[in-house]
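Protein sequences, first through last, are from chains A and B.
Position one of the first sequence corresponds to residue 289 (the numbering used here), numbered consecutively onward.
Position one of the second sequence corresponds to residue -9 (the numbering used here), numbered consecutively onward.
By construction, these hints were calculated from the structure, which means they are not laboratory data.
Remember, predicted model here, so these are calculated numbers, not experimental data.
There could be a bad hint or two in this list.
Quick list of simulated restraints, FRET-style, between CB atoms [said to hold, decoys possible]: (1) Asp212/B / Gly307/A: 51 to 61 Å; (2) Ala62/B / Gly443/A: 50 to 60 Å; (3) Ser367/A / Val139/B: 43 to 53 Å; (4) Arg220/B / Leu371/A: 19 to 29 Å.
We put the CB at the ideal spot given by N, CA and C, even for glycine.
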Amino acid sequence: MSDLLTVTDLTVRLKMDSGMREVITGTSLSIAAGEAMGLVGESGSGKSMTAKAIARLLPDGAETLGSVVFDGVDVLALSGDELREHRAQVAVVFQDPRAHINPVRRIDDFMTESLRTLRNVPKGDARARAATALEEVGIDDPAKRLRQYPHELSGGMLQRVMIATALLSEPRLLLADECTTALDVTTQAEVMAILDDLRRDRGLSMLFITHDLELAGAVCDRTTVMYAGQVVETRAASLLHSDPLHPYSAALVDARPSIASTADRLRAIPGRPLSAFESPSGCRFAPRCSFAQDACREHDQVITELDGGFVRCERAIELRGKVREGAHV
Amino acid sequence: MLQFIAKRLAMLVATLLVASFAIYGALYLAPGSPIAALTGGRTLPPEVMAQIEARYHLNEPFLTRYWLWLTAAIHGDLGESIPLHESVNTLIAQRIGTTLQLVLFASILIVMFGVSLGIIGALGRGVVDTGVLFASTVSAALPAFAAAVILQFIFGVYLGWFPVLGTGDGFVDTIKHLTLPAIALAATSTALVTRVTRTAVREELDREHVQTAVSRGLPWSDVVRRHVLRNAAIPITTVVGITIASLIALSAVVETAFALNGLGAYLVQAAQNKDFAVVQGISLVLVVAFVVTNVVVDIAYALLDPRVSLGSRAQ
Chain A
289 MSDLLTVTDL
299 TVRLKMDSGM
309 REVITGTSLS
319 IAAGEAMGLV
329 GESGSGKSMT
339 AKAIARLLPD
349 GAETLGSVVF
359 DGVDVLALSG
369 DELREHRAQV
379 AVVFQDPRAH
389 INPVRRIDDF
399 MTESLRTLRN
409 VPKGDARARA
419 ATALEEVGID
429 DPAKRLRQYP
439 HELSGGMLQR
449 VMIATALLSE
459 PRLLLADECT
469 TALDVTTQAE
479 VMAILDDLRR
489 DRGLSMLFIT
499 HDLELAGAVC
509 DRTTVMYAGQ
519 VVETRAASLL
529 HSDPLHPYSA
539 ALVDARPSIA
549 STADRLRAIP
559 GRPLSAFESP
569 SGCRFAPRCS
579 FAQDACREHD
589 QVITELDGGF
599 VRCERAIELR
609 GKVREGAHV
Chain B
-9 MLQFIAKRLA
1 MLVATLLVAS
11 FAIYGALYLA
21 PGSPIAALTG
31 GRTLPPEVMA
41 QIEARYHLNE
51 PFLTRYWLWL
61 TAAIHGDLGE
71 SIPLHESVNT
81 LIAQRIGTTL
91 QLVLFASILI
101 VMFGVSLGII
111 GALGRGVVDT
121 GVLFASTVSA
131 ALPAFAAAVI
141 LQFIFGVYLG
151 WFPVLGTGDG
161 FVDTIKHLTL
171 PAIALAATST
181 ALVTRVTRTA
191 VREELDREHV
201 QTAVSRGLPW
211 SDVVRRHVLR
221 NAAIPITTVV
231 GITIASLIAL
241 SAVVETAFAL
251 NGLGAYLVQA
261 AQNKDFAVVQ
271 GISLVLVVAF
281 VVTNVVVDIA
291 YALLDPRVSL
301 GSRAQ
């Protein structure tokens, strides 16, 4: 499989009042055509910033190092019409549809806007395609919905509108940024099922950002785990759960409540999540890691291949198969 | 929508009723008698006084007088000026044109310069924005009477480009005569509209839905026009509407400064002359204009923002 998207050694610094702050350090990941990649990690770990860098939506004054190559094109160097064309090929499904859809324009206008402006599709055709797309995401009476305003639709319905709209412009990569977080649990499941189906039907690649490890495991082929602005592990989604390589991934898996067993309390990772710019030198997870040794804190960790995955931990081989027990100590 | 407008109109009637009562009551309580102005301080025989009082219903109780005035006003008759022996309607009709022209001219200036400068300031950061901020600060600090004097001195006396007094005849001449007054009237409000526009556009630029539009690869001009400006138009319309409504009252100062024969200047003059009927009449006209402008703004607001009319539609 050839890679549709390759992110190599991406470092992002944002302009803050106090100067430039690093939010992502040397992130690398790749997504093949038709592949779904999960991106998990705590808040502030750099998941969303990675997606924003790929879609070129970073805030003004952001500094990027490294490279993002999409279909052979260096994304970070694009500007003007080429940049807009890149954005049209990478559709983003945002977390909060209510904030991300213009409240004063009709659903019709929201859905058909790119088709009309970028692809010169006549209004009638665009509307017909929008109606079909709404049916595909399970919305009844699309003609009526198209005439309505966002505030007249429920959150779950709006997120379906967002997904339908994202697919309408026939993108090649879908960036789903915690697209079900704002919805209630039953709606989450429905929306997720629709997104998964439609993506598979079309053979679309997807970067799926979530806090939910199990959800990532269910819909993604591989999962990348980020911590403090770095990728700490990339592994087949199904294996990450049962056989994680990095102590942090293991701790994340362990922090999940299980439906099968009862526990008095959930296991938490001691300490608090750090951002890239406040992390210590050496292994960034070391202060919270139960396997950390003096050597871990002394030098930066590099990412290495292990058992079909990638891991950023120098003790990974030594700890093979034991990381989950360690989290129990 | 119709229900929304009907509601607004009902509120308009209620507001006018309260305002008319306040206007009439305030003048009733004001010191001085309308007859004093007529007699010029001479003492008249009691029979004559009684005759005059009866003629102008001054001997009736307050509420009766209010009722008589109100019903006449509803029928379009604002009464008679006691000192001038002339119909208030005629007196107002002679002057309302000038005030309307002045306010309209100033409104056009406010919308043209206020909105466009605000947009330029919000979109063009850096030096452009600083320039807009500086200009609007200076302009905001200029009260109408000060602006009037400065404009008269520079453009009227020193450069001699515009006449400084009077109204003028014919379209071009009228425009020429009204240019300086309109600028003086518009100065402070333009600054306010500039500031509000700038903030509104900035706020919209940072909205998530604008990010969505950018993420879809739409041209920047489309993003600005269809999402940023379209949405910012909602707060901007409100401020422009209220500002224009307040110009009607502000026009008194400018009309006096430029010796324009308008309603505002006349209101001040009538108040000094204790011409109660004229003061009541003009006040009522000003209140009607203010309230009607507000209703128009409310309706425009509902047209611009689909979420506003939801309340009435859902019922």
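Hint check results:
Between Asp212/B and Gly307/A the CB atoms are about 34 Å apart, so this pair departs from the stated range of 51 to 61 Å. Look at Ala62/B against Gly443/A: about 57 Å separates their beta carbons, and that is inside 50 to 60 Å. Between Ser367/A and Val139/B the beta carbons are some 52 Å apart, a value that agrees with the proposed interval 43 to 53 Å. Hint check: Arg220/B to Leu371/A, Cβ distance near 23 Å, so the stated range 19 to 29 Å holds.
The structure is inconsistent with hint 1 alone, although it conforms to all the rest.
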